[in-house]
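Chains as they are written, first to last, in our numbering: chain A, 176 to 560; chain B, 176 to 560.
Take these hints with a grain of salt, some might be off.
Said to hold, decoys possible - Partner residues are not named here, just some residues of chain A that face chain B (Cβ under 8 Å, in silico):
1. 470
2. 473
3. 515
4. 517
Please keep in mind that the hints were generated in silico from the structure rather than gathered at the bench.
Here a beta-carbon is modelled for each residue, glycine too, at the ideal position from N, C-alpha and C.
Chain by chain, the residues:
2 protein chains.
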Amino acid sequence: MFQRFSFKISVQSCALLVLCFCAYVLTTHAYAQRIATQFDVKILARGLQHPWGMAFLPDGKMLVTERPGRLRIVTSDGQISEPVKNVPVVYSEKQGGLLDVALDPNFATNRLIYLSYAEPVNTSEGTVASTAVARAELAENSLRNLKVIFRQNPKTHGGQHFGSRLAFAPDGNLFITLGDRGNHMEEAQNPGNHIGTIIRIRPDGSVPDDNPFVKDAKAKPEIWSYGHRSVQGAAIHPETGELWIHEHGPRGGDEINIPKPGKNYGWPKASYGVHYSMIPINDEHAEQGFEEPIYYWTPSIAPSGMLFYTGGLFPGWRGNLFIGALAGRHLVRMTTSNEKILSEEQLLQNTLRFRDVEQGPDGAIYLLSDEEDGKVLKMTPAAAQ
Amino acid sequence: MFQRFSFKISVQSCALLVLCFCAYVLTTHAYAQRIATQFDVKILARGLQHPWGMAFLPDGKMLVTERPGRLRIVTSDGQISEPVKNVPVVYSEKQGGLLDVALDPNFATNRLIYLSYAEPVNTSEGTVASTAVARAELAENSLRNLKVIFRQNPKTHGGQHFGSRLAFAPDGNLFITLGDRGNHMEEAQNPGNHIGTIIRIRPDGSVPDDNPFVKDAKAKPEIWSYGHRSVQGAAIHPETGELWIHEHGPRGGDEINIPKPGKNYGWPKASYGVHYSMIPINDEHAEQGFEEPIYYWTPSIAPSGMLFYTGGLFPGWRGNLFIGALAGRHLVRMTTSNEKILSEEQLLQNTLRFRDVEQGPDGAIYLLSDEEDGKVLKMTPAAAQ
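Extracted from the complex, chain A is given alone in its bound form (with noise of 0.2 Å):
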């Protein structure tokens, strides 16, 4: 058996960095032959630190978000804006800051963009935070008119779990994930607030007639879901229009859900992992009366960020599901039958710790790495050798 992979990088420009990932296998057996899908990976831009989430403009730009509370503008060919005016205050600690970055579906026109963000408040107490979502006008190069339409209730103390990503649905309502705060997991049971919910708003923040709990006095409306840990990915699937999500796992248990209204999750009663006390979580979901997860990771890969391909550029993996790993670091792709993970592989594996991916206009796949150094980096089919 004969394996070559190269890793070439060469340096084209002071924020400019090539990598070029090829991997052929070639087997005497035929039977034990393999092959992989060629791409090449480009350093488009670096310099970002700990960039958390990524929305594309019109124009081909993309809005790239740092978690300690800065929002960018980077250019198809890598050029770093300076931070964008008016974000609001972020909490920067641990996990909190500014986190997920969205266009409204009419965007063109209205020049709307949507961020979550750990927001803080400051009590007798110390300062508490939780996650937030704001909408503003996108000016030259500041917000405009900023409305905060979501607030997690209640704050808490502590930097843990704060989700969060933001997805529209095709039907124009925005869902927000959250997480449980670390330190309030049990709350994640109780729909009476918003610790570990999926939230379903429409996008001036007002409650859609037919949320699942509209009519429940104990619950919020603004709840689509609950029994959740902490949702750093969520995407909408193309053709069922569904909402897919991940959510990391204590030790072990990161799981794959598509949240359905109403149904509970099971966090922190049901897990497949271990909570970090090494106190064993009972891992039946269904027999608790729980909801299963579709797919999950033991160990923990730490998933960030998830995309349902659809570009032009890469035909083969047209359908297929990314999701970032931050542990693991590692680029998963899955591809998916109805509601089931038919087969995973693992790209650009022992790499980087992957934030967010997501598709550009012009069909090639994009990736966030998380680090003080962090990249935007831009997968393309390989060229020809």
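Given chain A's structure and the hints, the job is docking chain B onto it.
The following block gives chain B in isolation, referenced to the frame of chain A:
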């Protein structure tokens, strides 16, 4: 983040080596922390030439086949017997040779064992071969009263895709998994012969009355399912009693299937792989009237051997599915729910070509490595550190 992988080798005796794999992953970010079941792997015996199948005797010894045509008895401390006498002559070319071995469910009283192998016949146009299954009584170190209970029909030229695994169902019937013989893949669509099929017979070779094709004059009555490529893994689900198998795809598309009576699994009309000629294959199974796999691997891992673990030594792995990977050079551990794969983990990554995986009467997991200096490996929970 801090990772430690220790890999310690110490020679204890001529044929005994101890490998200790211990993996810890410690991370500074709690949300990225991971756990792994720790285990030791000991090389129990070595010097076996391409060992292919194994089966445990009631006294804790194991039968191990070597592909060139030898059957050995290996003791629980790794002593390897002289070749067992009166093993049938095999066609030892490429993937052909002496393949799987299984004990009769009533072995304790009847001493019967079953061997699958590539059986040659010399013709005026050279040697042709196909997979056959023989049963015989195991005496001290020889076989007695050997009888061939099944022959794949037709015999053909070439050394590819013989299958084959043997698995007894709870009802006492014997499943035999076969291959398409490489040069005759199109015949896998024709149940009028045994090419690319799974066989279900009684232990004496007769056909059960409830086989799906017993009343179909155009089909072979021994066939359980068809449209398979080369099936080198089979296991009975410990709760449902159903047969699970995996099969090699061409370039990609190795599948896990749960073969149902009379069903067509689509090879070579449907596959998630690519023909060696690089001609694409339609990956739509259901749309063409074939059964969809429940999971697949692209690129190929080249699976071989299959075990549902039910032992006491690894309580956290009870019910898990283990599969060896030849090209992958790792051991797959999967969890399942009904007829779905819920998670996949790779153990012993980048180590050996794992040909078979079985559970010993002591609850340890035993592996065979496919190499000239083939090994029997024993996995046990890690000793306390």
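Verification of the supplied hints:
Proximity of residue 470/A to chain B holds as hinted, the smallest CB-CB distance being about 6 Å (cut-off 8 Å). Annotation: interface hint on residue 473/A holds; nearest CB of chain B at approximately 6 Å, less than 8 Å. The interface hint given for residue 515/A holds, since its Cβ lies 6 Å from the closest Cβ of chain B, which is under the 8 Å cut-off. A distance limit of 8 Å between C-beta atoms decides the matter here; for residue 517/A the minimum to chain B is near 6 Å, and the interface restraint holds.
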